[in-house]
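Asks: Sequence:
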Amino acid sequence: MSTLHVLSHSPFGDERLTSCLRILGNDDALLLSGDAAYALQPGTVPFTALSARRLSIYVLVEDAEARGIEVPDWACAIDYPAFVELSIHHDKVNSWL
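Count the sequence shown with my numbering and you get residues 318 to 414, in order.
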């Protein structure tokens, strides 16, 4: 059973990203939205943690652009319709509120 994990909080304010990474399964995916897009800033601990693993990582393109973040090759920038498709593709969606 695959899960799409959705993070929207900055990885610098709490431990949501760290907790999420501990439970991600092989078939799971991670979507960064809102301030969670800051995890893709090169040279940061979150960036290193994400790039070191073979994960399916997505970021909402509008949120990356609004924060001036360039999406690395190992992540996929998607729009809202693609987010809906991604949600349908997985068995569950877990929003890390």
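In short, the hints are calculated from the structure, not lab data.
Note that the structure is a prediction, hence the values are computed from the model and not measured.
Do not take every clue at face value.
Said to hold, decoys possible - Distance ranges between label pairs, derived from CB positions:
1) V401 / G342: 34 to 44 Å
2) T361 / I405: 28 to 38 Å
3) A383 / S412: 13 to 23 Å
4) V401 / G360: 15 to 25 Å
5) A383 / M318: 12 to 22 Å
6) G360 / I405: 26 to 36 Å
7) W413 / R384: 28 to 38 Å
8) A366 / S412: 16 to 26 Å
9) R339 / W391: 17 to 27 Å
10) W413 / S368: 13 to 23 Å
11) S336 / S368: 29 to 39 Å
Here a beta-carbon is modelled for each residue, glycine too, at the ideal position from N, C-alpha and C.
Asks: Now tell me if each hint is right for this structure.
Replies: Status of the hints after comparison with the structure:
For the hinted restraint 34 to 44 Å between V401 and G342, the CB-CB distance of approximately 22 Å leaves it violated. For T361 paired with I405, a C-beta distance near 31 Å keeps the hint of 28 to 38 Å intact. Remark: the range hint 13 to 23 Å for A383 to S412 is upheld by a beta-carbon distance near 20 Å. Taking 15 to 25 Å as the suggested C-beta distance range, the pair V401 and G360 does not conform, at roughly 33 Å.
About 33 Å separates the C-beta atoms of A383 and M318, a value inconsistent with the hinted range of 12 to 22 Å. Under the hint 26 to 36 Å, the C-beta atoms of G360 and I405, about 35 Å apart, fit the expected range. At about 18 Å, the CB distance of W413 to R384 disagrees with the hint of 28 to 38 Å. Distance hint check: the CB atoms of A366 and S412 are about 20 Å apart, consistent with the given range 16 to 26 Å.
As the Cβ distance of R339 to W391 is approximately 20 Å, the hint placing it in 17 to 27 Å holds. For the hinted restraint 13 to 23 Å between W413 and S368, the CB-CB distance of approximately 20 Å keeps it satisfied. Here the CB-CB span from S336 to S368 is close to 19 Å, at odds with the stated 29 to 39 Å.
In terms of the numbered hints stated before, the structure departs from hints 1, 4, 5, 7, 11, listed from lowest to highest.
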